[in-house]
Amino acid sequence: MDELLKLLQTNALESRENLGKLLNLPVAEVNQRIAEYEKRGVIRGYQAVLNEDQLNLDKVTAVIEVKVTPSREGGFNNIAERISRFPEVRSAYLMSGTYDLLLFVEGDNLRQVATFVSERLSPLDGVLSTSTHFMLKTYKRLGVLMHQDSTDERLSISP
Amino acid sequence: MNGSPSLRNRLNTVVRDIPRSGIRDFFDIVTTMKDVISLGIGEPDFDTPWHVREATVFALERGATHYSSNLGYLELRKALAKYVSKNFGAEYNPESEVLVTVGVSEALDLALRALINPGDEVLYHEPCYVSYRATILFANGVPLAVETKAENGFRLTRAMLEAKCTPKTKVLMLNFPNNPTGAIMSRQDLEDIAAFARERDLIVITDEIYAELTYDAPHTSIVSLPGLRDRTIFLHGFSKAWAMTGFRLGYACGPAELIEAMMKIHQYTMLCASSLAQKAAIEALTRPDIDVGEMVSEYRRRRNYIASAFAEMGLECHRPLGAFYAFPSVAKFKLPAKEFAMRFLHEERVAVVPGTAFGDCGEGFVRCAYATSLDNIKEAMLRLRRFIGKL
Ligand SMILES: Cc1ncc(COP(=O)(O)O)c(C=O)c1O
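Order-wise, the sequence lines are chains F and Y. Every letter in the first sequence is one number past the one before it in my numbering, and letter 142, counting from 1, is 142. Add 1000 to the 1-based position in the second sequence for my numbering, that's all there is to it.
In isolation and in its complexed conformation, chain F is listed as follows:
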């Protein structure tokens, strides 16, 4: 992967000047490459990585395994794209193995998620079965550990 994308993935707020310095590139080229990635849709957005457990939000997240029947023309895409349009669905993936789609669904409370599953998701044509698991605690998200950072144990000067 382009090193520029890697840097943006770890810190999208890094200034363009600094990105240029880190990669030994002129700032104009950094700007141009980012603009191209945005135009091509490789970069879809920039978000903060939150440790939501610390915010005591009234919110639950469920991971839902869904078995579906692929449609004749669109394969899994038709049904997967329909499901993905629900705003409750935060992430959706096509999987190999014993089920087909894996969804991350958010709601204000358990009941709301349950209603989503029973009234929105399950009745859809092509959805065969679902299995819902509620998330209890986040240890790591998007490659970022959620517990406090460890301190530097090194001596302050060494040879």
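Below, simulated EDC-like cross-link-like pairs (lysine to aspartate or glutamate); rule was C-alpha separation at most 16 Å, straight line: (1) Lys1082/Y with Asp1289/Y; (2) Lys1164/Y with Asp1201/Y; (3) Lys1378/Y with Glu17/F; (4) Lys6/F with Glu1294/Y; (5) Lys1034/Y with Glu1347/Y; (6) Lys1168/Y with Asp1201/Y; (7) Lys1338/Y with Asp1025/Y; (8) Lys1164/Y with Glu1121/Y; (9) Lys1390/Y with Glu1348/Y; (10) Lys1034/Y with Asp152/F; (11) Lys1034/Y with Glu153/F; (12) Lys1332/Y with Glu1316/Y; (13) Lys1168/Y with Glu1199/Y; (14) Lys1332/Y with Glu1363/Y; (15) Lys1378/Y with Glu14/F.
Calculated from the structure, these hints are not laboratory results.
Place chain Y with the ligand on chain F using the hints.
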């Protein structure tokens, strides 16, 4: 200095007369201060790769808590011989030509003690790692320092060696990529040195502990050049590239006669390297490209950043090509390097190491290690710019 003078008089005179490392004095001051950003740390800020730590715990659970053979576990020596052959271009027999040591530090000491008779001269280049001169003296050798120069990219040339070498010179010590300058040697540079070593029949000790950490050109080892393998002791270890300093694990490869002699000292003084650390090293050698590759990319970006920050503030610095050190010149401020570092520490709370800690010819330079987070480097560069603006 406290303590009774009569005890001091009973010390071995070589030990008594060697000053303690200049780094220590500085360290003692820094530790009393709070909120210092340190560019003075000569070890990686990365954690040891997780799979290595995990494998070490597993080894402990399985009971790898006993002595290993003096040379080290054969499994490790085999893996090392393979790694060295692939990456450095020299073949060693793991049964008799590889010795696992307590860091490169021990390996250096063993190599010198195995070779030196009192009065034998050892050529080495300065600025250099703080231990070299002392280790030569402890082995009763005569240190002959050759100065490398910034205008030359701190590379070593044949002419510099010729000017110092005498018939009593037995050993040539090399360290590239270099601590503290970040210099490396090209194949061409090394060929001249190799020819010189062959002509003068010198034994070469090459400390290649930073070999994996090069940023613009790949590393070449002098052992891969014609005729050098049989007169060279190759030293390497896991401290830097794998971020395993505290494991204390290094190794030496060389002709069987030399390794046997080093093994004798090691056998009687150290017995063997830590068995747990050896198990960790076996694991570390399973996927070096991935573990080390990630860290190298990060160091390269920091190197780029720090080099352009120096350029922007008009600080002259030869481009660091390896290790994780930049060695800018502060001579234009007309302050001794030590005073520059002291004032920078007190006025801006950033620690750098005065170049004189690495030999007298380090005067006029400071060592800035970029083995620290980018955030720290950015802040340190802001403060440096402010500081030199006041000078
Ligand atoms: C050039 C050089 N050699 C050897 C060492 C010591 O390495 P080890 O941790 O393997 O004893 C260092 C550590 O800073 C070094 O910079």
